[in-house]
Amino acid sequence: MSSYIVTTDHLTKRYGERAVVEDLNLRVPEGCVYGFLGPNGSGKSTTMKMLLSLIRPSSGQVRVLGEPMTRATRRRLLGRIGSLIESPPGYGHLTGAENIGLVRRMLDLEQRQIDLAVRTVRMQDQMDKKVREYSLGMKQRLGIAMALARQPKLLILDEPTNGLDPAGIEEIRRLLRHLADGGVTVMVSSHLLGEIDKTATTLGILAGGRLLFQGTRAELFAAATPDVLIGTADPQRAQALLSGQHDARIDEGLLRLCGLSPDATAQVVSHLVRAGLGIYEVRRQEQSLEDVFMDLTGGGGL
Amino acid sequence: MSVALIRAEIAKMRRLRTGIIVLVMVVGVTALAVLSALSSPDFSDPGTRSWAALLAGMSLAVPLTSPLLLAVLASRQVDIEHHGNGWLLFQTSGATRGGLCRAKLAVLGAVVCAVTAAEAGLVLLAGIALAVPGPPPLALWWGYAGAVAVVNLVLLGLHILISARVENQLAGLGIGVLGTLLAVFATGLPPLLAHLTPWGYYALATAAGYRDGELVTFVPGYASIAALAVLGGVLFAVFTTRFDRREAS
Ligand SMILES: Nc1ncnc2c1ncn2[C@@H]1O[C@H](COP(=O)(O)OP(=O)(O)O)[C@@H](O)[C@H]1O
Ligand SMILES: [Mg+2]
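Chains A and B, in that order, are what the protein sequence lines are. Numbered by the numbering used here, the letters in the first sequence go through residues 193 to 494 in order. Numbered by the numbering used here, the letters in the second sequence go through residues 592 to 840 in order.
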């Protein structure tokens with residue numbers, strides 16, 4: 193059928209009057225690492241919970257693994273989806289081995305599958321320790337092992353790098369790449385672009401419950417118009433001349449204009465030249481993915 | 592309810608010190624019951640020792656010890672889900688919140704029934720050891736134990752629901768303390784008032800006590816206890832089904 197492992201159509205979740213997730217049309221290609229990005233409170237966890245049918249959508253549909261995800265199909269589908277939502281699970285009074293043993297019992301898995309999952313997250317030497325004594329990184333890895341033990345087709349990880357140190361983050365990144373190479377589709381959320389941008393092959397950017405962008409990294413760059421920087425003898429005067437028409441800022445002695453089309457750029461330049469201002473340079477600023485993300489999400493303040 | 596869920600609950604009990612709570616319950620009730628009988632004037636003379644005194648002792652010891660310990664038992668088994676993010680872990684394996692609560696009641700319920708039987712059995716053995724004359728009133732004895740088991744199970748179910756619903760476990764324990772007071776005072780209340788709270792049913796189950804200064808045996812209020820069992824069972828089913836529909840938070 194389709195090559196999408198997860199699709200949502202007009203997915204919406206309201207709490208009272210407030211829409212927390214609105215009209216979401218996700219397309220997660222099979223075999224990709226899908227980076228689900230958005231500031232805190234943008235609705236990432238809520239969306240992921242709806243994908244897993246842990247909460248009910250107010251409207252809209254979810255299709256996972258080619259089937260509608262509903263209360264009726266949930267149980268069967270969940271057997272093929274590994275997930276880690278919000279904080280990692282784990283009973284503190286039990287050892288790592290006892291914890292993952294609970295998952296084995298519940299899903300009727302074989303010890304071989306458990307061992308494989310534990311080795312994948314490199315936790316084999318920590319399994320006899322109580323989870324209470326684990327570091328956050330170890331808890332995250334145990335949580336991922338519990339999700340992996342069922343050998344899922346789809347892995348949904350909600351901020352797995354949250355609170356980890358750089359080494360821990362790198363470890364998770366490596367793990368995600370390794371899993372994707374092994375054919376698992378990974379959907380991973382983060383509020384920090386830097387934590388997943390190098391790993392994700394497809395990005396979905398969420399802000400205020402709405403999907404602002406979905407596509408590859410190259411498409412994201414193409415979608416965003418880089419700022420125009422103008423070097424001039426008198427930036428203050430140039431700013432005054434343009435006021436009312438363009439939102440120009442002075443940035444390190446240069447005039448910075450954002451969202452300017454090529455035509456508009458030509459107009460601005462000729463306007464300044466006609467006013468007798470010397471123009472030294474006009475260029476577009478190379479944007480980092482971080483800038484694009486910040487522009488799209490309004491600096492994370494949404 | 593799935594066998595896998597029940598086995599999971601048993602596995603979770605490891606290192607929860609459920610055994611210690613159980614021991615405290617059994618030893619507490621047995622010791623209090625026997626001491627209370629021994630301190631009654633009838634018991635000083637071996638010739639006038641009576642089974643009724645032991646039953647009366649138990650009817651005092653059970654409401655004094657059980658409500659709080661049942662609250663502790665339930666709280667320990669449920670609190671781990673709040674702390675370990677267990678509700679979500681099990682939901683993503685296809686189990687529901689209500690299903691977890693039902694499995695907890697099944698497992699802890701079996702423990703509580705064994706505890707109740709052990710209490711009644713040990714007090715009976717104490718009576719034999721103390722050479723109480725005459726055959727023990729076995730039908731009344733086990734009838735009383737059965738009635739207590741029902742009240743224990745209903746309170747256990749109530750506390751599982753409270754601990755699951757209210758994350759702060761002090762709430763459940765506070766209700767356990769309040770329940771102890773209600774259970775103890777219900778003994779002195781008219782039976783009509785004892786029917787109003789589940790703790791009052793310990794008083795309705797009472798098998799022996801003093802009436803007009805005379806130690807006598809009573810027939811426990813089996814009909815009331817049966818009604819409590821039905822009502823408790825229905826309410827537990829209703830509330831856990833509502834938990835099933837409740838969304839993950
Ligand atoms: N059960 C709920 N009731 C009301 N509001 C909620 C509930 N769950 C989440 N929200 C709100 O929905 C918004 C999105 O939350 P969430 O999905 O957790 O965001 P994210 O995971 O992106 O940080 C937040 O503003 C949060 O307060
Ligand atoms: Mg979140």
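Hints in this document: simulated from the structure, not taken from any laboratory. It should be emphasised that the depicted structure is a prediction, and the values quoted were computed from it without experimental measurement. Yeah, the Cβ is synthetic: ideal placement off N, Cα and C, and Gly gets one too. Be a bit skeptical, because a hint or two may be false.
As the list claims (entries may be wrong) - Short, incomplete list of chain B residues facing chain A, as computed with Cβ under 7 Å:
no. : residue
1   : Ala595
2   : Arg598
3   : Ala599
4   : Glu600
5   : Gly675
6   : Gln682
7   : Thr683
8   : Ser684
9   : Arg836
Hints and how they fare:
no.	hint	verdict
1	Ala595	holds (5 Å)
2	Arg598	holds (6 Å)
3	Ala599	holds (5 Å)
4	Glu600	violated (10 Å)
5	Gly675	holds (4 Å)
6	Gln682	holds (6 Å)
7	Thr683	holds (5 Å)
8	Ser684	holds (4 Å)
9	Arg836	violated (9 Å)
Hints 4, 9 from the list above are not met by this structure, while the remaining hints are.
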